[in-house]
Structure formats: structure tokens, C-alpha cells
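> Sequence lines, in order, name chains C and Y. Per my numbering, the very first residue in the first sequence carries number 4; after that it's consecutive. Per my numbering, the very first residue in the second sequence carries number 4; after that it's consecutive.
Pulled a few chain C residues facing chain Y out of the computed Cβ check, cut under 10 Å:
id: 1; residue: V399
id: 2; residue: I403
id: 3; residue: E426
id: 4; residue: L429
id: 5; residue: A435
id: 6; residue: V450
id: 7; residue: I455
id: 8; residue: S560
To be clear, the hints were calculated from the coordinates, so they are not data collected in a lab. We put the CB at the ideal spot given by N, CA and C, even for glycine.
2 protein chains.
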Amino acid sequence: MALTLDQLNAASVPEAVAMLDGVYEHSPWIAEAALSERPFRSLAHLKHAMVQALQAAGADAQLALIRAHPELAGKAMVSQSLTAESTNEQSKAGLTDCNPEEFARIQQLNADYNTRFGFPFILAVRGPRGTGLPRSEIIDTFARRLANPVDFERGEALRNIHRIAEIRLADKFGAEPTLGHDVWDWHERLAQHSDPGYAEQGQLTVTYLTDAHRACAQRISRGMRECGFDEVEIDAVGNVVGRYHGSAPDAKYLLTGSHYDTVRNGGKYDGRLGIFVPMAAVRELHRQGKRLPFGIEVVGFAEEEGQRYKATFLGSGALIGHFDQTWLEQQDQDGVTMRQAMQNAGLCVDDIPKLRRERERYLGFVEVHIEQGPVLTELDIPLGIVTSINGCARYVCEMIGMASHAGTTPMDRRRDAALGVAELALYMEQRASQDPGSVATMGMVHVPGGSINVVPGRCAFSLDMRAPTDAQRDALVADVLAMLQSIAQRRGLQYTAELAMQASAAPSDPAWQQRWEAAVQALGVPLYRLPSGAGHDAMKLHELMPQAMLFVRGLNSGISHNPLESTTSDDMQLAVDAFSHLLKQLAAENA
Amino acid sequence: MALTLDQLNAASVPEAVAMLDGVYEHSPWIAEAALSERPFRSLAHLKHAMVQALQAAGADAQLALIRAHPELAGKAMVSQSLTAESTNEQSKAGLTDCNPEEFARIQQLNADYNTRFGFPFILAVRGPRGTGLPRSEIIDTFARRLANPVDFERGEALRNIHRIAEIRLADKFGAEPTLGHDVWDWHERLAQHSDPGYAEQGQLTVTYLTDAHRACAQRISRGMRECGFDEVEIDAVGNVVGRYHGSAPDAKYLLTGSHYDTVRNGGKYDGRLGIFVPMAAVRELHRQGKRLPFGIEVVGFAEEEGQRYKATFLGSGALIGHFDQTWLEQQDQDGVTMRQAMQNAGLCVDDIPKLRRERERYLGFVEVHIEQGPVLTELDIPLGIVTSINGCARYVCEMIGMASHAGTTPMDRRRDAALGVAELALYMEQRASQDPGSVATMGMVHVPGGSINVVPGRCAFSLDMRAPTDAQRDALVADVLAMLQSIAQRRGLQYTAELAMQASAAPSDPAWQQRWEAAVQALGVPLYRLPSGAGHDAMKLHELMPQAMLFVRGLNSGISHNPLESTTSDDMQLAVDAFSHLLKQLAAENA
Chain C
4 MALTLDQLNA ASVPEAVAML DGVYEHSPWI AEAALSERPF RSLAHLKHAM VQALQAAGAD
64 AQLALIRAHP ELAGKAMVSQ SLTAESTNEQ SKAGLTDCNP EEFARIQQLN ADYNTRFGFP
124 FILAVRGPRG TGLPRSEIID TFARRLANPV DFERGEALRN IHRIAEIRLA DKFGAEPTLG
184 HDVWDWHERL AQHSDPGYAE QGQLTVTYLT DAHRACAQRI SRGMRECGFD EVEIDAVGNV
244 VGRYHGSAPD AKYLLTGSHY DTVRNGGKYD GRLGIFVPMA AVRELHRQGK RLPFGIEVVG
304 FAEEEGQRYK ATFLGSGALI GHFDQTWLEQ QDQDGVTMRQ AMQNAGLCVD DIPKLRRERE
364 RYLGFVEVHI EQGPVLTELD IPLGIVTSIN GCARYVCEMI GMASHAGTTP MDRRRDAALG
424 VAELALYMEQ RASQDPGSVA TMGMVHVPGG SINVVPGRCA FSLDMRAPTD AQRDALVADV
484 LAMLQSIAQR RGLQYTAELA MQASAAPSDP AWQQRWEAAV QALGVPLYRL PSGAGHDAMK
544 LHELMPQAML FVRGLNSGIS HNPLESTTSD DMQLAVDAFS HLLKQLAAEN A
Chain Y
4 MALTLDQLNA ASVPEAVAML DGVYEHSPWI AEAALSERPF RSLAHLKHAM VQALQAAGAD
64 AQLALIRAHP ELAGKAMVSQ SLTAESTNEQ SKAGLTDCNP EEFARIQQLN ADYNTRFGFP
124 FILAVRGPRG TGLPRSEIID TFARRLANPV DFERGEALRN IHRIAEIRLA DKFGAEPTLG
184 HDVWDWHERL AQHSDPGYAE QGQLTVTYLT DAHRACAQRI SRGMRECGFD EVEIDAVGNV
244 VGRYHGSAPD AKYLLTGSHY DTVRNGGKYD GRLGIFVPMA AVRELHRQGK RLPFGIEVVG
304 FAEEEGQRYK ATFLGSGALI GHFDQTWLEQ QDQDGVTMRQ AMQNAGLCVD DIPKLRRERE
364 RYLGFVEVHI EQGPVLTELD IPLGIVTSIN GCARYVCEMI GMASHAGTTP MDRRRDAALG
424 VAELALYMEQ RASQDPGSVA TMGMVHVPGG SINVVPGRCA FSLDMRAPTD AQRDALVADV
484 LAMLQSIAQR RGLQYTAELA MQASAAPSDP AWQQRWEAAV QALGVPLYRL PSGAGHDAMK
544 LHELMPQAML FVRGLNSGIS HNPLESTTSD DMQLAVDAFS HLLKQLAAEN A
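Only chain C is shown next, with the shape it has when bound in the complex (with noise of 0.2 Å):
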């Protein structure tokens, strides 16, 4: 029989901890720390108590909660003196059953890995969606954070032993996270479409109006109406729409979504996320019956990633009557334009324009989104309140000195154009740093041409500039652009740099932000707010309306445009939670 929150919060010191014996391996004190933060209104609120009780442990105790998993994902999983726990985790995990090249496989890693870091290999092997992951999974796994930084492996470990706290926790609790589990199955099912070339070595890559684009936009729309929306149309840009009506006929909408297309060999969860959490929410209403003061409008977005054809922010920014007419005559890498594409899919062109929203309609935009990034999760917290969106400024730069003999130019006689962009790109680590929320990255560097001995006369280089405001910004790249020609006029270097973009900064609705607050702080989950690093549809929508967005964790390291992104189905279950607490409190206020 499951245990209940209110037991654990009614229970003496030594009944608690030993209800949580066992959710993390030969570490009663954590569960012991953790209860003087009783009572627990959420389990969400358990389990940070119990994180911020390991983080206030220390090193040692950290590394010894470590050192004390070596059943767990190391020697035990080949071998046959598993824990009872263990061996069900295992076991769910198909470890028992390797063949003998994946026993030694495993044995061959353990070794390799005890010995870079001194502790045993740590894996929540039930995955995100707690049902286990292939044993192909486990030892990729395995191998890619043998490659791992010591100090980031060892966060590593404690964010799975976490993640397996998580899970012994939700079985003691009996506490499935049902919904999470089913919007984890949905990015399943919607990942099986790819494009051919990608499809074949099961990549994901759907990008505007191909045919696996296509088949997304189809099954969404169907999920939609399984979901119980009245009216579900793919629009003339291709988005899916879908509406369910408020209480009222005239009453106004909550417009909500995010986008289907992919970049290339992306993750599953970019963008998707946003338009099936809240069909989840949506669909608990319609199970329950429930109508609201206004109406909700999931749109997923047809394109945002820009792959196809150089038009980000198709779908969003057709809602604000942004749409570019002269986009309809870009070829494909296979010649076909857009117009082509489109008129293939049956889209009608004409029908752009009205694809403008009235602002009156709508009481505003939010999205829910993965982070991608490495905040939430490094932190052990689940949920992140946007601030803003950054604003983003881009160069494209070179700069121009001597080449000359690297045996025969003495030190003082150089104009090394490398030397002068290294010291570019230190000073903008350096200012960025200073400002919350800002970030500069030079991610291009190369001497084109360069030899081992020449020292090099040119340097080509990017800038990428981004902070929650614009002023912010545009002070950050003022000063990186007053020392790259600062540096260059000392060094005797020339330089060119051209803006290759520059975005506005998007800051979240004060209000809107403030529902998503207290959805977050209304399931226990600790509060934390971060800019938006990444360009999202709700910049577009900013335009037309408030915004405000939530982020969900993703794991290993909140990589992005990759198929490691992932986030766990309780994850997502709290990103259902948390939206269906805006769409009560909005009801509340509208009442």
C-alpha cells in the first residue's frame, strides 16, 4: 500500500526517514536533513529538500553517496548478487539478460571509468519515461561520459542517483505521472516521421512541408481532436490549430503552442513540447467537462528552425502578418521553391494574410518550452520562469594582419591576426560575464590557410551578443566592438565586421509571468527565474500581444539540436501541472 504525503508530514523523525529508506542507496541522513522542511506540500517539494540537503553536505558526502552505488550501474549489473531494488531496476532495464560481448563490454567501461574517476559509474536505468532504456542505450551512454570532465561526471552521477530517488520515491508514493508519461509517448509516436536521409539511420529531421512534416501536422491534428478540441484546421502556412471554446461565444482566447519542425538529427522534445503539454491540459478539461471564461488555442507552429529555406519564424510570424512575400520563390537544396512546396501541400498562399490575428481577440501568448541549456538541470530544479527573451546581436568578422614567417619574425615585429581576435575573444568572455543574464560567444574562429609556420595573417571570426534587454545588449556590444578596434589600432591589425542579425529582446509580460510563478510555487517546485538564451515563437507574438514562457529541464546538460535532448516524463508531467494552474488561475480572474 503506497505511502501518502500526509503520513510522511505527520510522522516522528525516525518513522519519516525510515518511510524514505532506500530512495537514496545507504544515505538515511538525506532523507533525515531533508524533513526539517516538513510539511512537504508537493512530492516535487520532497525531492528538493532532499537535493538542497545533498548539495549542503558537501564534496565528501557527495562523492561517498557516490561511492556507495557500486551495485547499482557497476559491477552489479552483470553480476548476481543484485539488492532487491536493484535488481528490479535492473531488470527493467533488460541488464540481466546481456550476451557476452555485452558483459564484457561493460566490464571493459567499469574499468576504464573507475579508473579516470575514481567512482562507479552511476545510471538511472529506468530512463526518463522510468520503463527502462535499451542496453544499446546504457552502454553509449556509458562510453560518452567516460569522456566527461571529473568534476562535470561527478554532477553527473548525483543528478542520476536524483533521478533514481525520483523514481523509487514515485513508487513508494504510487504517484505515476500518468499525463507525463502520455506526452512522453506522444513525442514518441511523432518522432517516427523523419525525412529520407535521416529516416534511414533514425535521425529526426522534419522540416516545411515535407512529406514527414506533413504527416506531423496530420497526427497532431488528430490528437488534437482525441483530445476534445471543437475545431482543429492546419492553416494556410501549415500551422495546426486547434480550439477549444470558452463558456462563452464571444469569449476571448489564451493563445498557446510552439513548433513541429525540426532542426536537422535534432531532439524530440524542441518545440513539441509547447503544443502537447498544453493538448494534455486541455484534454483533462474536456474529460472533465469543463468549459472556462475563455477559450484556449493551441497552434503548432510549421516552422521555426529556418532548415528548408531561410524563413524563421514562418509560423509564428504569419500569425502576426509577417510573412515574407519574396520567401515564396527560395529554392530548396533540391531547386523547389517554396511556392512549389506549398502548393504541393494544398496550402493556399492567397490565404496568408488572414492569418493575422485580432490582438482583441486574445488575452495573451504563452509557450512552454525545453530549456536548452544547462540551468534547471544543474541546479536539480525541474521548472524556469522566463524573464525575457534575449536580444541577440550577430557579426560575422575578420581580422587582417601580416602573414609572415613564424621561424623568422621576431615577437615584437608581428601583426598576428590570431593573436589579436584570442584577445577579442577573452575580453568578451570577461565583459559578458558582468551583466546578469548576458552571454558573447565567439563559436567561429579559424585562420583560413593557416600552416604550422606562418604566423597568421588572417583571422576569421563571429560574434554572437545576447542579454534580457536591448539597452543591455546594445551596451555589450558597443564595448566589444570599442576594444576590437581598441585592439586592433594597438596591434597594428585592420578588421571588417558586419551585423549579420541583430533581434530585440522580448522581456515577458510582468503579469504573465507572474500566473506562471505561482503555477511553479503552487506544485512545490522551487522558483527560478533565467532569460531566454534561444529565439522562441513567443518573440514573434510579443509583437502582437503579452507573453510569457516556461521552461522544462532537459537532461545531459540540456543539450539541444541533438538527439540526446531529453527531459523526463515527470518533467513533464509538472509542465501539465503547471499549465493547467495558469489555465485555473486565469478562470479565477476571469470569473
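Once you've looked at the hints, dock chain Y against the given chain C.
Same frame as chain C, but now just chain Y:
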């Protein structure tokens, strides 16, 4: 009637200033200041005194001198109002015959140049051979120099003014550098041979045992015979060996020479100068019917650059018994093995071991070489004494961090591989600057697959470190590698660093270096010592016998491995004179 140095030395100051009138445009004060250095031992001495007078006068006086030159290479180039002096120089360069397009182009360049630099374009239009530059070359130089940094171009203007003065002095004193002109012409003639694919584009490329290479050997052989060498042969690896017998049949030999192969699209003087300068000196001996108490063996080494095959220093290596038999099976880019190439050239591979020289038969080895660096030209000094051929160590490296999203990864959570490399590059610059004669270069820097919006996860780079002694090089290498490790540790990066090449320093033999110094001083040329940053055949001979090198100033910042490599026939004359002086001194020692 030509002036003589004796007249100049004996004259009163006003008389002497009048004698030197017009050498520096409208600036008799330069002559006047230089006269305090009387008596002048040579024209070289006078020239250097004038260079120093201008140097001492400071930036304002230098700029005034540059601005005193409007007619020379500015408007006057194409106007009718040329001074008598300029008319003479201009007509030698054919500048008075500009067609309308050239006229318009030069006018545009003059306008652009004046706008950019604020002073007129100065070029010694009579060129390094004194016989005038083609109009197309003048225009190309003009366009190229327009891109120079301002302070560099000011130096280049002054260097051209000194060159103009040198030509005018030669006219006044009737001092044609006839031997220098011959050596110049020999280079021109040899440069007519170039490998297919390059010859068609007017580029000079002579790689091991191509038809062009074999034609060069043939021409050098014939040139040696014409100079009066007693024995001339092409040896088993293609070296051209000329011997001028000593006065006694058992006399020892002075060994000298350099290589006649080139890099791809290389310069005309790299290597070859060290063959032709001794040839000219031997021709003088032969003309005078003179024998020395030692023989002179001049070797044109067949291979130094390692272009067609990876077998650098093949020619000089053979003389010390270094010939790697595995080289024979190396294939060039057309699949031709070195063995086939040698057979095709009629070379007898079996005889290679016999090329090894017996130490006791030689006095030592000297080598004349163009500097391939900017030191002498920037100091306005025509010859340089090499103190050591720098030891070298090269590494091919990679820094490995974690690629992540440039927008979403906060500054303090990055593992930016390129920033670690940037730090190391700046450290190298600072560390190498601490030691006299050391250089350190990061010639290759590349973020593979870098994107404007991705934090670099990898950065490939190279290290090239050189120093006049092995101990100094080793200390430099150790410090740089220690810093690499410390940067990587601090930034959570990993790295690989693979030693790609290591060569020992070859310090000049003190007695032989002293002979070059005496020769240079006897010419009235200021003494300047410098290490050789580049490798030379002398490094190989160093392993068998004492050696010392003489450098000849290169124009165009001493650029090398480039068609712009150049030097003047005046400097070549000085090199022949220095070589002849060294022979004379050695004869006296061995009398």
C-alpha cells in the same frame, strides 16, 4: 666625372653637402648630419650614416622628407612637370609611357593613397636591379601597399627613399654593383624553369627531380664551369657540386652552398643566393688566376624544402650520411616513387652512401642565405651575422570542451575550447617575448564545424616554438605546455598535444662567425647579429663540421616562400664582397 669617397672625405662640410645634393629629396640636412661620421670607409658606410641621421631626426622630420617627394612617385609620375632627376628615374621605369587606363588607375591610386595615409606614395621605381620596374609591377605594388597599416607604410616609404638614395649615390660615385647585377641576372635566368601547373601562371615552383629541377641542375653546372670551377658534377641525389682547387693537391676544402629547389609558388632567392654568391666569388679568383691554400667546394643542394616528397634536407643530409632508405618508396601526388624519380633522372641510388664527406678534408661550412624575415630590412642594414639556427619544436594540438548553445549556456557554465586556446596563444606571445631570440607561434587555429551560435566544443591549433639554444627552447616548451595544462584544468577542458617535429639548435661556430663579422666590418657595413628562425642546410652540415651563416636583407618585410621575395643587386654585391673577404682572410690564416 664620378665622385670618389676620398674627395668626399676631404671636402669641407658645405662642399661635401653639395656633393651629396639631391640624394635625399630637398633635404641637404641629412647629408650634413651624416658627415659627422667621416671618414667613410665605403659607400655602405656613407649610406648607413645617412640612414642613421634620418632615424635620429625623429618622426616629424621623416614625415616631412616623405612629403618632400610629391613628384617622384605621385602626380609627377604621369605629369609633364618632372624634375630632371625624376624624369630620368621615371623614364627608366617606363612611367612616362602610361596608356590612358594606366594613367587613370595611377591617379585613382594616388588619390586613395593620399586619403588613407596623408603622404604621397614613394616607390624606388628603378627597382632592385636598378633597371626599372615594369609599369604593371609598379601599379600592383601601389595597390598592395594601399592595404598596409599606416605606421608600417610610413616605414616602407622611408625604406624606398633610402633605396632611391642608394641608386642616386651609385650614379654619383659611378659605383655599379656589377657582380651583384650578375648574381641578380643568374637568379632571373634560373627562375625561368618552373614545374608544370605553375610555370603557366608565371609562378616559380621547382621540386625534387622534376624536369624544371633537372634543368636548373644543368644550368647551375654550366654556370659553375663558366665561372672556372675545376670539377663540376651532379651527384647521386642531384646535388650540383663544383670544386675550385686549392694551390696544393692535398689542400683542404671550404664547403659552402645552399639549395636550388623551391616551395610551391616560392621566391627566386631562397637557397639559390647561397649558390650564386660563392660562384661569383670563385669567378673573381679564376679571373685573377688566383689559387688559395684551400679548395672551395660549392654545392647546390637538390632538396631542402620537402615539397614533392617528405624528405626535407635530403641534399645536405646526404653529405653527412643521412639518407633514409624508406624515403625511396614515398610517392608524390601522381604516385611516382622517389626511387622511380631518381632512376628517371639517371641518379644511382647505390652511390648515395658515398656522398658522405670526410670531416678532416674540410675546413668548415659557410652558407649565404636571404634572411626570410623582417629584421634587417626594418633596421636598414644589408647584411646580418647569424648567431645560431634556432632549435624548434612543433606540436599539433586539440582542445576539447563541450559544445553548447551560445544563447542558453550561461558564461559561468561553459567549457569553451576556443577560449582556452585563446589564453594559451596570448601566454605564448608574452612568454616567447621574454627570451632574446625566441619565437612562438600558433599558426593554425580552427574550431571545426564551428557555428555562430554554438559555444566551441573543440578547437584545433598548432604550436611552433624556436630558440637559439636547445636549453632555451626546452624551457619555453615546458612553460607553454605547463600553461596549457593549467588552463585546461582551470577551464575544465581536455587536450591533446602531439609533438610533430623537433630540431636541435645549431649555434654558429665562434671562429667562423667571427670571420663573417670581420668581412662585414671590412665593408663598412654595420655589424648586426641575429638568430636564424628558419632551418637551413647549415643545420645538417653542423652535425659534421663547424658552420656559420651570413644573411642578406630581403625587401617587402623580408617576405619569403612568396613571389614577392626580393633583394637588391647592391645587397648581393655586398654579399659577394663579404664572401670574397672571408676567402681572403681564410687564405691569410692558412698561408
